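S.K.: Listed here are the chains, written in short residue letters.
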Amino acid sequence: MNRIGIKFAELKKRGEAALIPFVTAGDPDLATTLKILQALEAGGADCIELGIPFSDPTADGPVIQRSSERALKDGLSLPRVLRLVRKFRQTSQIPIVLFGYFNPFFRYGLREFCRAAARVGADGILCVDLPPEESAELKRWTDAEGLDLVFLLSPTSGPNRVRLVAKKGRGFIYYVSVTGVTGARRALADDLRAQVARVRQATSLPIGVGFGISTPKQAAWIASFADAAVVGSALVERIEKAKGSAEKARRAGAFVSELKRAMEQVARKKKS
Amino acid sequence: MPALTELERAYAQARRDSSFRKELQRDLHQYAGRETPLYFAERLTKALGGSRIYLKREDLCHTGAHKINNTIGQILLARRMGKKRIIAETGAGQHGVATATVAARFGLECEIYMGKEDVARQSLNVFRMKLLGATVRVVESGSQTLKDAMNEALRDWVTNVRNTYYLIGSVAGPHPYPLMVRDFQSVIGREARRQILKAEGRLPDCLVACVGGGSNCMGLFYPFVREPKVKMLGVEAAGRGLRTGQHAASILGGEVGVLHGSKSYVLQDRSGQIRQTHSIAAGLDYPGVGPELSYLRDRGRVQFVSATDDEAIDAIKFLAETEGIIPALESAHAIAAVKGLAPRLAKNRSVIINLSGRGDKDMITVGDYLGVGI
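Sequences listed follow chains A and B, in order.
All residue numbers for the first sequence refer to this note's numbering, where the first residue is 118 and numbers rise by one.
All residue numbers for the second sequence refer to this note's numbering, where the first residue is 3 and numbers rise by one.
Pulled out of the complex, with its shape left as it was, chain A reads as follows (with noise of 0.2 Å):
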């Protein structure tokens, strides 16, 4: 078991849900991005998804786009985000998840990225536009390197996917909350709980939602249900609108210890 599995063990055992907060590399530049990991795990974060900037990022809304064109401007590229990921686990052992466009990945080389992912003390990988049908390749280097390799599953997959993606994914499954691109939503569907109850018979991984979750009463609510909360825009909006390195790092590190606070709370009535 690795760090995200060890993570998800002992939550579980408290009967809390995990925050998972996302953060794009390199926006806007890798020294700032190193003090935000920092503020985001002493914030309370469970475990980061760091978002490898990548020029066509289709599964994005407008809020990540920015932040990739901002990680981009001065030649952000995969072997620099890696030396981030090394430098950060010098002084931290929270699980990281490396999310990312297939293309950069390939272009590496997967099994090269792989091995490098491993070495830095990366724990996981998200390619947002590999379907688990296509990722025999990839999959096979995250076994190799022990990584887990994440998979999404969304309101339209069908029972087959559901099942394919409990048989193939490792580490949770990443819930996508709502048909559509990242970004804060008003409000998030109804019918989630049940969405998730239903992917839940078909896996004993834990299930992580994503897409759309802004404020910690949504955090909240998804931690009653779900095993862990992904947020992502309504973070990086905060990044990008607070001036300065250090200012982009605090912002970060009390709105994290904000949605935990929340989540904590649900935790603990359900205890009670």
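It should be emphasised that the hints constitute simulated quantities derived from the structure, not laboratory data.
It should be emphasised that the depicted structure is a prediction, and the values quoted were computed from it without experimental measurement.
Accuracy of the hints is not assured; some may be wrong.
Said to hold, decoys possible - Within a straight-line C-alpha distance of at most 27 Å, the following computed BS3-like cross-link-like pairs (lysine-lysine) qualify: (1) 284(A) <-> 233(B); (2) 48(B) <-> 24(B); (3) 190(A) <-> 118(B).
To be verified - Each pair of labels, with its calculated beta carbon distance range: (4) 363(A) <-> 369(B): 33 to 41 Å; (5) 277(A) <-> 44(B): 43 to 51 Å; (6) 228(A) <-> 297(B): 17 to 25 Å; (7) 311(A) <-> 305(B): 52 to 60 Å; (8) 257(B) <-> 263(A): 24 to 32 Å; (9) 10(B) <-> 307(A): 29 to 37 Å; (10) 375(B) <-> 355(A): 48 to 56 Å.
Just so it is clear, CB atoms sit at the ideal spot from N, CA and C, and this is done for glycine as well.
Starting from the known structure of chain A, arrange chain B on it as the hints suggest.
M.R.: Below, chain B alone, put in the same frame as chain A:
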């Protein structure tokens, strides 16, 4: 992905269904104006002093380009699937116009994504789309051209997947699009084959077509792929020159990658980020190319050359003056390549150029390029 599976299934059923094929044939004939002529370009042939040159006149199709062949096929499919809303991406605007046209004909809601840069240089087509009742969504992300329009259309599709049909205009994108668009465009090659056999009594020696994503190219080439004696030449957009890096020649200047769900040659940097492209022809301004064309290149079945912006402009003037035909900037790339090729071929050889579209939409661009205000 479930949407693609649904589409794949629906298309597999439709292509076996004789009533679908009949409907398609009727619309191609009565609505698009097929078949299009295979025209022997006598003065062009004389001017170049080599092989006999034929033009497959896709510019005479309804809406002015080959794009309508595919949109007719896909709109019939969308109707069978019960989809009420149609979205599409467009570069030069020809595919957008062809989509808006068939959507209007069937009374379907239509939204077209178009990069901001293309909106500026193809204002005439933007107006046509609006007149046809479509909403034009201006895309301001990335390079503001065709690939960004496609990104945005994909985002729309995943958001509204239940009621929306995404009508892709090229042999690119995820499966089954490259196969389906090739099938619908193959009518070009099937007709050309019949027509050249009638005119020359034998198959052509060479086929030439411009390549952006590759739809007109695959359409002409595909029915000849198993004829080893027929040479095939794809012409990519060299923009300001292959060496300048400002071009859209994905096969000649790209590396294998995955863009928009298909594996093909892609213009990208060392770390796999998609590169900005340039071509004066908006319809060729795309950093990828169809996966099947990439495969045919690897097998050595299709050869590739390129033509620059300058050469395309010269080719427009040349064809206009020799034949009284003004080609689209895209198609002018194919003409430019033949200017170099034909004189080297014997007089008893024949060449078919796919004249994929007419040049009306480009007059402002060409005027600007030549320093003539219109």
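S.K.: Is residue 190(A) within 27 Å of residue 118(B), Cα to Cα?
M.R.: holds (20 Å)
S.K.: Holds or violated: 29 to 37 Å for the Cβ distance of residue 10(B) and residue 307(A)?
M.R.: holds (32 Å)
S.K.: Just tell me: holds or violated, for the beta carbon distance of residue 363(A) and residue 369(B) against 33 to 41 Å?
M.R.: With Cβ atoms ~54 Å apart, the hint is violated.
S.K.: Is it true that residue 311(A) and residue 305(B) lie within 52 to 60 Å of each other by Cβ?
M.R.: With Cβ atoms ~57 Å apart, the hint holds.
S.K.: Take the C-alpha atoms of residue 284(A) and residue 233(B), compute the straight-line distance between them, and say whether it is at most 27 Å.
M.R.: violated (48 Å)
S.K.: Note whether the CB distance of residue 257(B) and residue 263(A) lies within 24 to 32 Å or breaks it.
M.R.: With Cβ atoms ~30 Å apart, the hint holds.
S.K.: Can you let me know if the beta-carbon spacing of residue 228(A) and residue 297(B) is within 17 to 25 Å?
M.R.: holds (24 Å)
S.K.: Cβ-Cβ distance between residue 375(B) and residue 355(A): within 48 to 56 Å?
M.R.: holds (49 Å)
S.K.: Within 43 to 51 Å: is that where the Cβ-Cβ distance between residue 277(A) and residue 44(B) falls?
M.R.: violated (59 Å)
S.K.: Quick one, are residue 48(B) and residue 24(B) close enough, alpha carbons at most 27 Å?
M.R.: violated (41 Å)
In the structure shown, a violation is registered for the earlier hints numbered 1, 2, 4 and 5, in ascending order.
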